[in-house]
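Peer 1: Please construct the entire structure, taking both the sequences and the accompanying hints into account.
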Amino acid sequence: MSNDWHLQKSHTFSPEVMAEIQRAANTGVYSIRGFGAKRQLPNFDDLVFLGASMSRYPLEGYRESCGTDVVLGARNASEPIHLDIPVTIAGMSFGSLSANAKEALGRGASAVGTSTTTGDGGMTDEERSHSTKLVYQYLPSRYGMNPDDLRRADAIEVVVGQGAKPGGGGMLMGQKIDARVASMRTLPEGVDQRSACRHPDWTGPDDLEIKIIELREITGWRKPIYVKIGAARPYYDTALAVKAGADVVVVDGMQGGTAATQDVFIEHVGIPTLAAVPEAVRALKELGMHRTVQLIVAGGIRSGADVAKALALGADAVSIGTAALVAIGDNDPALDEEYRALGSAAGYWDQYQAGNDPAGITTQDPVLASRLDPELAGRRLANYLKVLTLEAQTLARACGKSHVHNLEPQDLAALTVEAAAMAGVPLAGTTWIPGKDETDRESD
Amino acid sequence: MTGLDLSTESLRDVNAALQAAESGEFVITHPQGAHALACGLNDSIEVKIEGPVGYYCAGMNQLATVLVDGNAGTGLAENIMSGSVTITGNAGQSAAATGHGGLVVIQGNASARCGISMKGVDIVVGGNVGHMSAFMAQAGNLVVLGDAGDDLGDSIYEARLFVRGSVASLGADCIEKEIRPEHLEFLTTCLTEAGMNADVSDFRRYGSARTLYNFQPDDVDAASASNERSDG
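Keeping their order, the protein sequence lines are chains A and B.
With numbering that gives the first Met the number 0 as the guide, the letters of the first sequence map in order to residues 0 to 443.
With numbering that gives the first Met the number 0 as the guide, the letters of the second sequence map in order to residues 0 to 231.
In short, the hints are calculated from the structure, not lab data.
Nothing here was measured: the structure is a model prediction, and the numbers come from that model.
Wrong hints could be hidden among the right ones.
[What the hints assert, rightly or not] Computed cross-link-like contacts, DMTMM-like style, restricted to lysine to aspartate or glutamate with a CA-CA straight-line distance of at most 25 Å:
#: 1; chain 1: B; residue 1: Lys176; chain 2: A; residue 2: Asp191
#: 2; chain 1: B; residue 1: Lys47; chain 2: A; residue 2: Asp147
#: 3; chain 1: A; residue 1: Lys37; chain 2: A; residue 2: Glu417
[Unchecked claim] Per the computed footprint, the stretches of chain B lying under chain A, defined by three or more beta-carbons under 8 Å from a beta-carbon of chain A, are:
#: 4; stretch: 6-15
#: 5; stretch: 38-49
All C-beta atoms in this analysis are idealised placements derived from N, C-alpha and C, irrespective of residue type, glycine included.
Peer 2: Written out as structure tokens, the structure is:
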């Protein structure tokens, strides 16, 4: 009987690397895919909660009150957003997602008292009517942008960048540009749409400050204005967003998903969410704006533990995209055979750009899209959001907190030196925070 | 005729008054370069601004007719939906950026990025336009009576560009195109509406070569599909 134990695998030229070289040689086009970074990165799993003990007093894990509500945008807006849970749904466009998927996201978010967000393609009546709290993205492309939708939104999110591709514009491949999507974006049907990567009428934070004033004037200073940045230089970008007048800063780490982007961009641009949060919080604290300007953290949030850890590091809320899609049916094992027929498998499907999604989520094909029942999918999302919240509450109570916002960095320890350095919390079992001396820590 | 004086009234009060009006004529005095003036108008009112304005004047205009007697800063009539915006002087960068409809008339020159990402607006510029004008322009018409700067119409989609003078250079995928009778007819109507006088036969037309609309993958190996990465 033969075996291949004598074969020596190259770590430099792994089978995946060779497959990509072969694919590139065959096509002459870079790899475009959806999803987020797939490589192993330092993340919230590298942190643990210390839990109450002799010096901390825990709360009962289920019944004792532990608040989860959050108010976003009270800095300047006369109508700030009140969320029941600190988990929001990130911006995803109609066009990249089917109308049923957008409806499901709206239904699920609304059922548990949180917000959902439009994307690079304008606002549809369906998502407005199914979302009790809807954030309207203001993107470089301005596809479908109009003052009526601006006024019927509950908040406005000026998108400077996203975690999957800081410095890159959106992409929607021709197979998904059907008549309705083309019309909403004023594009020819079937064109490979590449959105602008920079805003057309402002450059830099001084211009943005005036742009935000214009948006406030058009909406009567009622709507909160968020500024979303892809995590690259979060300390400076957060500070500049605050200076420009943002009510809320959204920081999206490199694990954040996308509907379609070059693989090389997804995997090699930006910094991990874990590394971005403390830097954004540092900027807010130095400006005296922590908790006055809210911080929403996104990029690879999967569980209540991730939620609680992001909040403990200083975020006011988190935002989920990929996890929400999985909750409504993306990568469903029941569809494994169909994914395999497309050269993938359940758990690996990332071809959101292709438009042939068996789950009916990342498609404009009416037959495929009709597979997704928006009511059932919405219930699944609502259930998932409830679990995230319950898990975050459980961890907060274990640390003795009566509100999830009372979690703090002192409740955390790191399992790796890298995570300790990035998160600014001690390596577990030590008092060592790489990059900080004892004096720094005492002054924290 | 209602007078609004920005030397005594706040920007918020002036804009709120204009946004609440359903009809009528308004004259704004002492604008002193104010930003975001007369933005978000949404009904058939007439507004005259006596003096220079800052950024985003008449932004997102709907239905209203706005006249600026002076110069304008960045983003004049950005994202205009309908109605018309006219200025007697020069416009800063990104005039009529992303405009979806309506008419923008700049009697002087327009700086860089005039008509960037335009989506249906008609823009008439009496003088010159700066570099990168009509960048990624999707729909609508840009009519320039003077010259155009570098990289005109870079990455353009379906917008039509008409230039009477010289073009310093064309951007990626932008080419000169034949002027047909319907284009001359459009120019005649558009120039009349804009109150401009020019011989339409002097214009040249530019638009998209449409070579960048879709990726053009090679197919060296017809069986390349079987080599797709296993993780899809």
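Peer 1: Among the hints numbered above, which are violated by the structure, and what are their numbers in rising order?
Peer 2: The structure conflicts with no hint, since it agrees with every one listed earlier.
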